[in-house]
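J.: Next come the chains, spelled out residue by residue.
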Amino acid sequence: MTGVPDVSEEEITALHERLGREAEEGGYHLNPDRVFVLGLVRGLLVNTKRYGYMSCPCRLASGVKGEDLDIICPCDYRDPDLNDYGACYCALYVSDDVLAGRRKTGSIPERRPPPGARGVVPPSAGAAASFALAYPVWRCRVCGYLCARDEPPGVCPVCKAKKDRFERFL
Amino acid sequence: MKHPTVPAGFLLCAIALAGALILAGCTATAPSPSQATQAPPVAVTTAPALPSYMVHVEGRDRGVILLVGRSTCPWCMKTKELLANLSVGYYWIDLETLNEAETAQVISAISVCGQTNSVPILIVNGNRCIVGYQEDQIREAVG
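First to last, the sequence lines map onto chains A and B.
My numbering applies: residue 1 is where the first sequence begins, and numbers increase by one.
My numbering applies: residue 1 is where the second sequence begins, and numbers increase by one.
Keep in mind the hints are simulated off the structure, nothing from the lab.
Beta carbons: idealized from backbone N, C-alpha and C, even for Gly.
It is possible that part of the hints are untrue.
Which chain A residues stay away from chain B? Per the calculated CB distances, all over 12 Å, these [as the list claims (entries may be wrong)]: (1) 47; (2) 91; (3) 112.
Footprint (simulated), chain A over chain B, 3 or more residues, beta carbon under 8 Å [said to hold, decoys possible]: (4) 54-68; (5) 79-91; (6) 110-117.
Now the in silico label distances, taken between C-beta atoms and shown as ranges [to be verified]: (7) 85/B - 148/A: 50 to 60 Å; (8) 132/A - 140/B: 53 to 63 Å; (9) 114/B - 67/A: 41 to 51 Å; (10) 65/A - 58/B: 36 to 46 Å; (11) 104/B - 5/A: 18 to 28 Å; (12) 64/A - 57/B: 31 to 41 Å; (13) 27/A - 58/B: 28 to 38 Å; (14) 58/B - 144/A: 42 to 52 Å; (15) 50/B - 148/A: 35 to 45 Å; (16) 38/A - 57/B: 32 to 42 Å; (17) 127/B - 163/A: 31 to 41 Å.
Next up, chain B with everything else stripped away, as it sits in the complex (with noise of 0.2 Å):
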């Protein structure tokens, strides 16, 4: 079965869809004009913030896996037991918590699956988008 890819230039700003909310947490958190010309440059060395809607939840690290839902919609639920049961570790953002300019940030960026007629949506490691409660291939993808 062919799955849908996401683009290379999109991989090199960040790992999938996961990496690309992140960097638009960073780019709101850069330094402004002024400070830059108050401090000498300096390295970033910390990790880029996150979008305070995009969820942790912790489990084995299998890479960068990002799951869009809705938590009122069962088969996202269904989904999300499922990486619990495999003990998968994923960032998890629910629809329903967003405003509007956050759901067309996370629509617009789930677009590189193909579609954004539904959810659940899980994208693991930037290569791979699976639509759907697909459980066989959430295990083989994750497990």
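Same shape as in the complex, but just chain A (with noise of 0.2 Å):
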């Protein structure tokens, strides 16, 4: 890594002010923690720098984007983990009983698999789909979204990910 790429107050801000924005516009909520959250900020725009995306300042990153696609944030274990605990592993986003101060957040155990298990896609319904369609259906891995269309959206309209976080789903 060999040094901490800089990053200006303005570009923490900019960022801090977009992901609530879309956080906020697709459902989610950012920690209320504005000190820490800016810390989060600081350390996402640090990997984007560093490694030309937005990477998880809590998980250590290969460098190689195809490898790291499932924690580019808001990283593919998000919403399952505000589902169980409340906030995801770095707690960016929070739930809405967090926000409203319902249910407090603690330690988070890892869910992302280690490196030999990634990727290993389980078995969808489409597997055992067995009609024609018009057009795929394509899954955002990060909130579920589903499209059918040709090719996936360049941006999810609902998480904000970006295309390369769709797969194919049937």
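Two chains, each in its own frame: build the complex with the hints.
T.: Next comes the structure, spelled out in structure tokens:
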């Protein structure tokens, strides 16, 4: 890694505002602890400058985008962690209950599989489908949004994940 | 709760990861064969050198405690704050500052904890790994 790329306060403020806006538009919430979140945003910007993509500040990226797609923020594990623990792994995002003070967050176990076990896609409903579809169905790996079209959208309309976060579902 | 343990063979070489990295630094400074032929054998009495990226933070001696993390990870910084509040001495490795070879060396070493996905990782006296900011566990282990 050798050295931390420079990140300005203006960049941190701009990304924080964008993430907060997109989160609320999609029904998600940033952690209300502003100082803590600004630290995470700085980590996201450092990773963006270092790797070219916004990998999770609390995880160890390989530097190869294809190997790290699952930990590009928002990561593939955000929604299940929000459901089970009220926050994602790094606690950038929190659930409604945490935001409202009805639930406290604690330490969140790492859900990401070890290197040798990644990329194993569980059988989906599509595996048993034998009928013909007019269009393939694409699934956003981050939020589960489904759409039927020739190609996945450039950006998920729900969670704003980019095109490369979609997988063929049917 | 069951905690991952470091293999016994590893402990023979050094106390946990800290020791392993100290030994790595020591190996790098070993005398060359030509030097060995010119001087009579002597017992090594000096402390082995730490790898340059391994920083010792002063504090109460609670054994060999190693924290591996990233300075851009807020949970790693919270772990450092907690250790500071507990006045515990430890070794700190900031993965942000390492080159590829050093990163590979450290990640290989921390694999004894059973995972290399995320930080912070705290290794306490070679027999306990605490992954993530686990305040209660850290207090109980080193407080």
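J.: Just pull the numbers of the violated hints for me, sorted ascending.
T.: 1, 2, 3, 4, 5, 9, 13, 15, 16 and 17
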